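Protein chains: 2
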Amino acid sequence: MSLLVLGTTALDSIKTPHAENPRLLGGSASHAAVAASFFTTPHLIGAVGDDFPRKYINLYRKHGLNLDGLQQLSGQTFHWSGEYEQNMNNRRTLDTVLGVIENFSPTLTAAQTRLPYVLLANCAPDLQANVLDQMRRPKFVVADTMDLWLNIARAPLLKLLPRLDCLVLNDSEAAQLAEEDNPIAALPRIHKLGPKYVIVKKGEHGAILSGPRGLFVAPAYPLKKVVDPTGAGDSFIGGLMGHLTSQKGSIEKNLRSALIHGTITASYCCEAFGLKKTTKIKKADITKRVRELSKMVKW
Amino acid sequence: MSLLVLGTTALDSIKTPHAENPRLLGGSASHAAVAASFFTTPHLIGAVGDDFPRKYINLYRKHGLNLDGLQQLSGQTFHWSGEYEQNMNNRRTLDTVLGVIENFSPTLTAAQTRLPYVLLANCAPDLQANVLDQMRRPKFVVADTMDLWLNIARAPLLKLLPRLDCLVLNDSEAAQLAEEDNPIAALPRIHKLGPKYVIVKKGEHGAILSGPRGLFVAPAYPLKKVVDPTGAGDSFIGGLMGHLTSQKGSIEKNLRSALIHGTITASYCCEAFGLKKTTKIKKADITKRVRELSKMVKW
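Protein sequence lines correspond, in order, to chains A and B.
Heads up, the first sequence is in this note's numbering, so the first residue is 51 and it goes up one at a time.
Heads up, the second sequence is in this note's numbering, so the first residue is 51 and it goes up one at a time.
Bound conformation, chain A alone (with noise of 0.2 angstroms):
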């Protein structure tokens, strides 16, 4: 079985106290697609500029991922540029350009429209949307999103909310989205607007899964350096989705294994620029801080 992975492939310039480091490969999709593919093959589907670097093209294979429904359009790549803060927590950002990912508009081949697994990665809801739509019953649909898109896009978002099986997002956003400050009290409300799962993202504090079976309070990896948490977020899914995409047996059953597996994604994430470090590790890295992981929560 495998993962369609819709998102933004985007070239990202970063600053951080320590380096600035410009025209990285990133994105939703980039991040969500690469961390999926230590487990299963991420079909993505996405928008790339006349800009975009053969190289990351190459990385993207490397990578295993089926690039049928990667598009090269003319005109330039989605561009984020942002700088992040002393404690590593808060960023703004500087800059962004659209280019391709503007009116990108896909069309999936029959093949795409069969997978059962669908991560919709953070980009519009009206993208996420245009794309479930094509989808012939989906076994399992997740969805990230982000501020931006609870600000300029919240009737649209409130739109596909119930055609997910969970929605993704973190603490100050499940917090908008519920009005509602504290998360646990958050959590039933999001489940009125649709989805049957919720995951709360609390960064280096781990996440919070609500569903059917009650809460999970996940952990998250301890780190002793956080280098550049971009695209962290979107690792976490993409490690939960293909972990999850790669097992046997009911979702309820294996969500919280994966969602553990994501949060060990995102940790190797975090410990450089970009995709730096995400595409040097192996599976057996993360097997392995799984691991330990299971080790440091046991009492």
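It should be emphasised that the hints constitute simulated quantities derived from the structure, not laboratory data.
Computed from a predicted model, the values in this text were never measured in an experiment.
Errors might be hidden in some of the hints.
Treat identical chains as interchangeable: a pair holds within one or across any two.
[Unchecked claim] Simulated pairs of lysine to any residue, SDA-like, Cα-Cα distance not exceeding 20 angstroms:
| id | residue 1 | residue 2 |
| --- | --- | --- |
| 1 | 345 | 306 |
| 2 | 242 | 177 |
| 3 | 338 | 263 |
| 4 | 274 | 221 |
| 5 | 274 | 231 |
| 6 | 274 | 90 |
| 7 | 327 | 147 |
| 8 | 65 | 139 |
| 9 | 298 | 174 |
| 10 | 242 | 229 |
| 11 | 275 | 230 |
| 12 | 252 | 70 |
| 13 | 252 | 273 |
| 14 | 252 | 234 |
| 15 | 327 | 99 |
| 16 | 275 | 338 |
| 17 | 345 | 302 |
| 18 | 246 | 302 |
| 19 | 105 | 304 |
| 20 | 246 | 137 |
| 21 | 105 | 330 |
Since the structure of chain A is already known, use the hints to place chain B on it.
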């Protein structure tokens, strides 16, 4: 075996966006000793003034506290008043009256000096050292501290650290003490200052214990509503030390479970003002939430 608990016995006036509660029973030793009382007999070492309500002494007695070390001195009881912001995480001190605690210098009885477990709850490092000086070969000594002492009594605090088995502090205090923002990177630096075990409290995000067995990444019990977090850290360490005191076998073996019992005791503390909830629960309530939390972290 039983537990010595040194700290403040205070009156707290607490304002939140939703309510105002004057002259509640508070103080680090009150919270810690009541929390410990579910598991062992805490011997309270503290001082109150002649304005200290009789009903609070009765409450201590109801919880089985040994009050041989509680002095009633002429003057005012230590009084703290503070105000919480909307999110219940940020608070500011409105007023502090030290009262009788200012010149409190306890002399322990022979029986008290032989207690095997010692909890130096949050108070001046000089007072913590004074009591520790009088103890005869304690089995396990834990101290809590706060930013105030890091600011105005760093030297006596640093002098105390090598005499502790375990130091407990919150994430921002850990950063301040270690001069390192990342708590995982701060831990080895704090170990170098003396304590074999270090616990970094992260409030609603749980805690991290560092010791010879490595890291223990502990969750917090997810609460839908936090009414008043005052004393949660004291309840945490009190529940932890109470449980540890009550268990057979090595500290190393029991510390993780003790920490979880501390976390759960602290969860109740947050659900009402001051000690109002903690003084209403039974040990079975703690056991119930420990069991629930244990299911919430399994994968």
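How the hints compare with the structure:
1. 345 <-> 306: Classified as both: same-chain Cα gap 16 angstroms, cross-chain 12 angstroms, threshold 20 angstroms.
2. 242 <-> 177: neither (23 angstroms within a copy, 53 angstroms between copies)
3. 338 <-> 263: For residue 338 and residue 263, the Cα distance is within 20 angstroms only across copies (17 angstroms; inside one copy 27 angstroms).
4. 274 <-> 221: Between copies only: 14 angstroms across chains, 23 angstroms inside a chain, cut-off 20 angstroms.
5. 274 <-> 231: between (29 angstroms within a copy, 10 angstroms between copies)
6. 274 <-> 90: Cα proximity of residue 274 and residue 90: none, with 29 angstroms in one copy and 37 angstroms across.
7. 327 <-> 147: The answer is neither: 25 angstroms in one copy and 54 angstroms across copies each exceed 20 angstroms.
8. 65 <-> 139: within (13 angstroms within a copy, 30 angstroms between copies)
9. 298 <-> 174: Cα proximity of residue 298 and residue 174: none, with 32 angstroms in one copy and 57 angstroms across.
10. 242 <-> 229: This pair counts as within: shortest intra-copy Cα distance 13 angstroms, inter-copy 44 angstroms.
11. 275 <-> 230: between (32 angstroms within a copy, 11 angstroms between copies)
12. 252 <-> 70: Neither, since 26 angstroms and 31 angstroms both go past 20 angstroms.
13. 252 <-> 273: both (14 angstroms within a copy, 15 angstroms between copies)
14. 252 <-> 234: both (12 angstroms within a copy, 16 angstroms between copies)
15. 327 <-> 99: neither (25 angstroms within a copy, 60 angstroms between copies)
16. 275 <-> 338: Within one copy only: 18 angstroms inside, 37 angstroms across.
17. 345 <-> 302: between (23 angstroms within a copy, 15 angstroms between copies)
18. 246 <-> 302: within (11 angstroms within a copy, 41 angstroms between copies)
19. 105 <-> 304: Neither: 35 angstroms inside a chain and 53 angstroms across chains, both beyond 20 angstroms.
20. 246 <-> 137: For residue 246 and residue 137, the Cα distance exceeds 20 angstroms both inside one copy (34 angstroms) and across copies (27 angstroms).
21. 105 <-> 330: within (15 angstroms within a copy, 65 angstroms between copies)
In summary, the structure is inconsistent with hints 2, 6, 7, 9, 12, 15, 19 and 20 from the numbered list given earlier, while agreeing with the others.
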